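Asks: In case you want the letters, here they are:
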Amino acid sequence: MPQATALVGPSRGQRRTSLLLALPALSLLIVFFALPVLALLLRSVLEPAPGFSNYVTLLGSSTYSRILVNTFTVSAVVTVVTLLIGFPTAWALALMPPIWSRLVFGVLLLSMWTNLLTRTYAWMVLLQRTGVINRTLIDLGIIDQPLPLVNNLTGVTIGMTYIMLPFVILPLYGVIRRIDPAILQAAALCGATRAQAFRRVLLPLVMPGIAVGGLMVFVMSLGYFVTPALLGGTANMMLAELIAQFVQSLVNWGMGGAAALVLLSVTLSLYTLQLRLFGTSGLGGR
Amino acid sequence: MTPFLEIAGLSRHFGSFVAVRDVNLEIRKGEFMTFLGPSGSGKSTTLYALAGLDTPTSGNIRIEGKSILDVPPHRRNIGMVFQRYTLFPHLTVAENVGFPLSVRRRPAAEIAAKVGRMLELVRLQDFAQRKPGQLSGGQQQRVALARALVYEPPVLLMDEPLAALDKKLREEIQCEIRRIHRETGVTILYVTHDQEEALRLSDRIAVFSKGVIDQIGTGAELYENPATRFVAEFIGDSDFLPCDVLAVRDGLASIGLSGGLAVDGVPLHGNPAAGKAELMLRPERISLSRAMPASGPALPAVIGDLTFLGSHLQVAAATLDGRALSVRLPFGHEVVGSLARGDEVWLSFRPADACAFCSAQGGS
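Chains A and B, in that order, give the protein sequences.
The numbering of the first sequence is my numbering, which starts it at 1 and goes up by one.
The numbering of the second sequence is my numbering, which starts it at 1 and goes up by one.
These aren't lab readings, by the way, just hints derived from the structure by calculation.
Mixed in with the good hints, there may be bad ones.
Stated by the list, open to error - Here are a few chain A residues that sit away from chain B, every Cβ distance over 10 Å (derived from the structure):
no., residue
1, L41
2, A76
3, R119
4, L126
5, P166
6, G223
7, N236
What the hints assert, rightly or not - Short, incomplete list of chain A residues facing chain B, as computed with Cβ under 10 Å:
no., residue
8, A186
9, A188
10, T193
11, A197
12, R200
13, V201
14, M207
Just so we're clear, the structure is a prediction, and the values are computed from it rather than from any experiment.
No residue lacks a Cβ here, since even glycine has one placed at the ideal position from N, Cα and C.
The shape of chain B in the complex, shown without the other chains (with noise of 0.2 Å):
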């Protein structure tokens, strides 16, 4: 069956500068989909090529097995809404809204209910007759959602779109965003830097890094189990051990820490030529107690600093040989109410928890 929409070897050089690579990407009709990573990790740049304000310089775009790279971006009958505010500052809300079908020379009838019952979806029926300037930025991107969606496109862009308002009207548009998708069932390309953002939001996350995407999946499969340790850093918190590779199984290895403990059983990613490898921690998934623990792997770590964080503790140690972990403990661990600053502990976690990046490859 083909796909939905499908991006294909998609590459976009500028001169030298390669800021997308081979990026292949198939999206089910419905699904919210976001890119994310870093700026200029070739999210937008990928995101523009669809909406055809970027021609990519090799590569294909398919919707339902057609190709739209040679559609003009008024013809392709996508949907974007921007990172800035693209309102049209001359007409009010009801004619910007109102604009995409009155260049399609709908009539006016249609044009007054349509634009009404967007308005009715992002909540602003009150505010048809103002200007954009009289809005706030939450609204204005609101109005910009309704316009890009009341032309009824198969596909919604969003390139950052709240990237620039505050973080308690950045949530509460959150929600908007996923119950409009919920309502209308249109797929959503969706660009962020923000992990918050694409975890909230997403049913599956692409993460882009240095214009190739270093892994597809939802958001628990990138946190459980992140392919490359980028992904690993830019989903969830997370702290790295230098580590040697001892044996591989089943992708599974046996590791050696420094202080000599050797670890079963990690999940690795990566070549295990160079023997090298990083072992990553999630604050989360780590133990602390006063006792060395009966089983398991544990390691020697002294409290550098603690900080009350309401529903948790967060906890700053450092092994014996001076490498930073942090710990999260939930408010009420047993051990809370006496931890202080100096105070040896041991910190363990279950291996299959943890996760080993080989050296060669991705190490930055």
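Pulled out of the complex, with its shape left as it was, chain A reads as follows (with noise of 0.2 Å):
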């Protein structure tokens, strides 16, 4: 941690020796990473002729902020949908025996490391129109004609807030598990009821949680490809499928790079406004 080194206040010595250590990685990122994200943003102003152009046709046409609509809609849906499973999962987690948590943490941590194309696929036989998910239903008797589940945003919804549940589930769990159960306690004898507890006491101590897990569901959501473009329907594209189709289809670099810049810079705004609201103490954990 960059604080951390110069709360201790190393010599002039350490310091260039860990800058040198840092070296490699350093330059590996800078080549093959910040230069290119750069020239991609440069030609975005550059591409077809200098100025702004691609961003008026971007966020003027009514097409592309209705891409930019869906993914943000998109990501907060899920986003939501994903904190709402993930608070109880993770309290269940911290409450069951460490058997249980463990196997519970195995299949999580199964599910996460099973190919992502593979799970995806698996979630379109659940979700199509002779699927696993509408057979059941007719079967039951609850619906007489199968429900559009896949080939739109309700499909991608449902993909990536299974995709995205881990990412809440790890960092909730670890913010738990650090209250100590007998604060709950006293809040109770306190007069607090349940209720009141978990408004007042637990939940302003999960927040940091929350915001960690809740933000990096959200941007991660805002650019992932895979699963809108496998579960999404054409008619329904998000942000990440636009700059891919520019970029490969039309190699139009300059809107391509026009639409990364607005993923990046909401991106980075968002992070921004975590930082100033909880600080790091939610990120890097003690």
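Join these two chains into a complex; the hints should help.
Replies: What follows is the structure in structure tokens.
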């Protein structure tokens, strides 16, 4: 951590040594990440002619702004739903006996390590018109016609929620585990009902975890490509698909760069906001 | 008359383990009652049952004649200070103390006034806007005390609140707790494993051992007349010598010690059927002299070690059959200056100051 070294106050020699140690990774990042990104962003203001015409087109056209709205809506819904599912799951994991929580974590990690494409195709099978979910619902007599669960934003939302779930459960679990149960007992003896103890003691204490997990899911969802491409329809694109289309199909580097910059600036401003509100405490962990 | 707080036949089983066995206790209004015992003796389990944080297997707890077992913790209106620091870390000191009133939806002006008065009581007025993380352990426990008293609960439970603090700070806060008890008149149930703390604070002490109460009484009663060997060991210092019970009359026994010394009029506890007992002697109740005393029981002994402890001299002596006996001599005792290791001396005691516990019972 940079703050830690600053506090200790390393000598000049130490600082030079640590800089040297970081040099290989740093140069790799500069050459293969920072420079290409910079080049792409530059092309957004240089091609086809210098100026902001790409941005005017992107933000002015109703087609493109609908893609932006789609992206933000899906990301927001995915974030809220993962938090709603992830919070009770993390809470239960923190309370259950270690043997059980280890088992659940095993399942969770196993699904994270399974190939993303495999998992997404699995959802296609589950969600399609003649898939398990629709057939079960029809057999149970709950619906007459199959629900359109795939090739639209519903499919994207379902698939992304599943993929993002571990990213909220893990930080929330870490935060909840650090809360001393005696604090909640104290709240009860102070006269707080379960609802009051939850809202006024537990929730504020878990907030850093919610912020970290929520931000991570939201930002990852904004730029997600595979799941929207496979589970979404051609009519409802998301931003990452648009960038891919500009670069790959239309070979319009200028527009691609502009869309990438929009994505990057939204991500960075959200990250800054989160740092402002919650500091770095929730990120590093103790 | 119904007692203010009554614990009747309380038991708590965890599987086959019995943590608390048939505890009966009556507590007067405004009393400072301490549960004293080693860890695992059931004192905290009893306290948690009172708080509603644990459900007893059987028995009942009544306040002013009404059972509180079916009342959930948040409606029991009981204050509690925990061993661990349980302040809400995201709230300031003032918000922490005001929390119980705020969840009871009291008006803001009333909350502010009562919080101010409470912080004055625990002498932390200047810390109202700090966060718990900026306070020392002692200050945090004082805030916790204020938070537990702000809604004027009739009963305050304290579960080893000072265990994490160092000795000097502990004594300081013990004085504060006594003062607060005097000023508020709240009934306090206090759990500790520290006999000195129990003696310093309590009106009465209940000594817990292996899930049962061995004895209930004032500190002086427990010290003067311990009911079991466990109580004798736990309150004050004591040494034990094996002896035979020769005769018993009116609770007083004639006993025979090794070396043929017979002592009459020793208070006896337990069932003397086995004929064996252990004689308890307090170091400060033993007299030491160079010559055999003219009257009263006296044991010949050899001095093993001498430790000067300021106000007194601690003598580690051994009887002729090798039993260790400590003697505490006040500074300025006529023989103190001339004592040396290996000296042969006489140790004498008054039979009424000693106590014998029958071996069949509780001889652990």
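Asks: So which of the earlier hints does this model not fit?
Replies: Hints that this structure does not satisfy do not exist here, as all of them hold.
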